[in-house]
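K.L.:
Next come the chains, spelled out residue by residue.
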Amino acid sequence: MFVLSGYEYLLGFLLVCSLVPALALSASKLLRPSGGGPERRTTYESGVEPIGGAWIQFNIRYYMFALVFVIFDVETVFLYPWAVAFHRLGLLAFVEALIFIAILVVALVYAWRKGALEWS
Amino acid sequence: MNLAEGVQLVSFAILAVMMIGSALGVVLFSNIVYSAFLLAGVFVSISGIYLLLNADFVATAQILIYVGAVNVLILFAIMLVNKREDFKPLPNAWVRPTMTAIVSAGLFVLLSTMVLVTPWAYSTESVSSDTTIVLIGQHFFSDFLLPFELASVLLLMAMVGAIILARREFLPDQVITPDKQQQPVLTLPERPRELVGISSDKTSNLDDSRRSE
Numbered sequence: 760m761f762v763l764s765g766y767e768y769l770l771g772f773l774l775v776c777s778l779v780p781a782l783a784l785s786a787s788k789l790l791r792p793s794g795g796g797p798e799r800r801t802t803y804e805s806g807v808e809p810i811g812g813a814w815i816q817f818n819i820r821y822y823m824f825a826l827v828f829v830i831f832d833v834e835t836v837f838l839y840p841w842a843v844a845f846h847r848l849g850l851l852a853f854v855e856a857l858i859f860i861a862i863l864v865v866a867l868v869y870a871w872r873k874g875a876l877e878w879s
Numbered sequence: 043m044n045l046a047e048g049v050q051l052v053s054f055a056i057l058a059v060m061m062i063g064s065a066l067g068v069v070l071f072s073n074i075v076y077s078a079f080l081l082a083g084v085f086v087s088i089s090g091i092y093l094l095l096n097a098d099f100v101a102t103a104q105i106l107i108y109v110g111a112v113n114v115l116i117l118f119a120i121m122l123v124n125k126r127e128d129f130k131p132l133p134n135a136w137v138r139p140t141m142t143a144i145v146s147a148g149l150f151v152l153l154s155t156m157v158l159v160t161p162w163a164y165s166t167e168s169v170s171s172d173t174t175i176v177l178i179g180q181h182f183f184s185d186f187l188l189p190f191e192l193a194s195v196l197l198l199m200a201m202v203g204a205i206i207l208a209r210r211e212f213l214p215d216q217v218i219t220p221d222k223q224q225q226p227v228l229t230l231p232e233r234p235r236e237l238v239g240i241s242s243d244k245t246s247n248l249d250d251s252r253r254s255e
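Protein chains in written order, with the numbering used here: chain A, 760 to 879; chain B, 43 to 255.
Simulated from the structure, these hints should not be mistaken for laboratory data.
Incorrect hints may have been included.
[Stated by the list, open to error] Here are the in silico distance ranges between beta carbons for each label pair:
| # | chain 1 | residue 1 | chain 2 | residue 2 | range |
| --- | --- | --- | --- | --- | --- |
| 1 | B | Gly110 | A | Val864 | 21 to 29 Å |
| 2 | A | Leu774 | B | Tyr76 | 51 to 59 Å |
| 3 | A | Phe853 | B | Asn44 | 56 to 64 Å |
| 4 | B | Tyr76 | A | Tyr803 | 36 to 44 Å |
[To be verified] Sample of chain A residues lacking proximity to chain B, with all beta carbon distances greater than 12 Å (derived):
| # | residue |
| --- | --- |
| 5 | Gly771 |
| 6 | Val779 |
| 7 | Ala783 |
| 8 | Leu784 |
| 9 | Gly795 |
| 10 | Glu804 |
| 11 | Val833 |
| 12 | Ala870 |
Don't be surprised by glycine CBs; every beta carbon is placed ideally from N, CA and C.
The following block holds chain A by itself, in its conformation from the complex (with noise of 0.2 Å):
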């Protein structure tokens, strides 16, 4: 039956990650002047005017980063069984592991070669 073994750790850290938003708050809420005007209640920018809102339209760029962020990410699950059952499954895997980072790296080149990792 499943007892949880061997999580302790990640309910401990669940624990102290949970606690820390509420304890920074609270904190904040203790340390902090009471009162301020209007001029409290806007967005914090570096010290500089707010301008416009932030809901805006935001670059394409930033969409076509996390798109190529998604793959690799899937792309590194697929290769981590293959990297922790390495020693027990032998050359050919090897080898198909090989053709899976070969297709990927064609993937690679085309997004490099659009120009989808520059920035500019």
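With the hints as your guide, set chain B onto chain A.
P.N.:
Structure of chain B alone, referenced to chain A:
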């Protein structure tokens, strides 16, 4: 009921409530950014349920891909299309909810049939957590080799398609007609009241009040 089963039951209850609540929030929130963040909550809850099912690698992959990549992609897509455009009332406003209801009901019927038909017998022998990844790797390179290799081709296709779409090589340069953008906002016939309220209130944004209609 011993301690382990109690812990499992309580964890499952918490995760199920989190997941259903987040999923309802995804559907019911009028602000689409809140929906996207709550979708991350749904994914995290699903990952927790995978952990309860001893599928630790799937849980990690769920967090890594769905929360870390797919949800970020969804947020970027929202930011891309989040333009303050002037909406006009649709001529057939009943069509879209009706179609959505039909498709959702069909999906519900399909899934509930699947839940009822599937034999839910599971093996009671526990798989130790350090061998699941090795097992997945062995399956990848023996009986699931073709899907594994096809996944790379699929990723290649996704990459090429994404780059072509994002570079707009085959799209016209000017999709939005300029006269639609220059239309003054306050002369919109359908919602003059909300826009007056927004101009006086700086903190609320346009999309919030527009979708809450």
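K.L.:
Hints first: check each against the structure and report whether it holds.
P.N.:
Against the structure, the hints come out as follows:
1. B:Gly110 x A:Val864: 21 to 29 Å: The hint (21 to 29 Å, Cβ to Cβ) holds, given that glycine 110 (chain B) and valine 864 (chain A) are roughly 23 Å apart.
2. A:Leu774 x B:Tyr76: 51 to 59 Å: Given a distance of about 26 Å, which is not inside 51 to 59 Å, the answer is violated.
3. A:Phe853 x B:Asn44: 56 to 64 Å: violated (45 Å)
4. B:Tyr76 x A:Tyr803: 36 to 44 Å: violated (22 Å)
5. Gly771: Glycine 771 (chain A) is indeed farther than 12 Å from all Cβ atoms of chain B, at 15 Å.
6. Val779: The claim stands: valine 779 (chain A) keeps its Cβ more than 12 Å from every Cβ of chain B (closest is about 17 Å).
7. Ala783: holds (19 Å)
8. Leu784: holds (18 Å)
9. Gly795: holds (15 Å)
10. Glu804: Nearest chain B Cβ is 15 Å from glutamate 804 (chain A), so the label holds.
11. Val833: At roughly 6 Å from the nearest Cβ of chain B, valine 833 (chain A) sits no farther out than 12 Å, so the non-interface label is violated.
12. Ala870: violated (6 Å)
Hint violations for this structure: numbers 2, 3, 4, 11, 12, all remaining hints satisfied.
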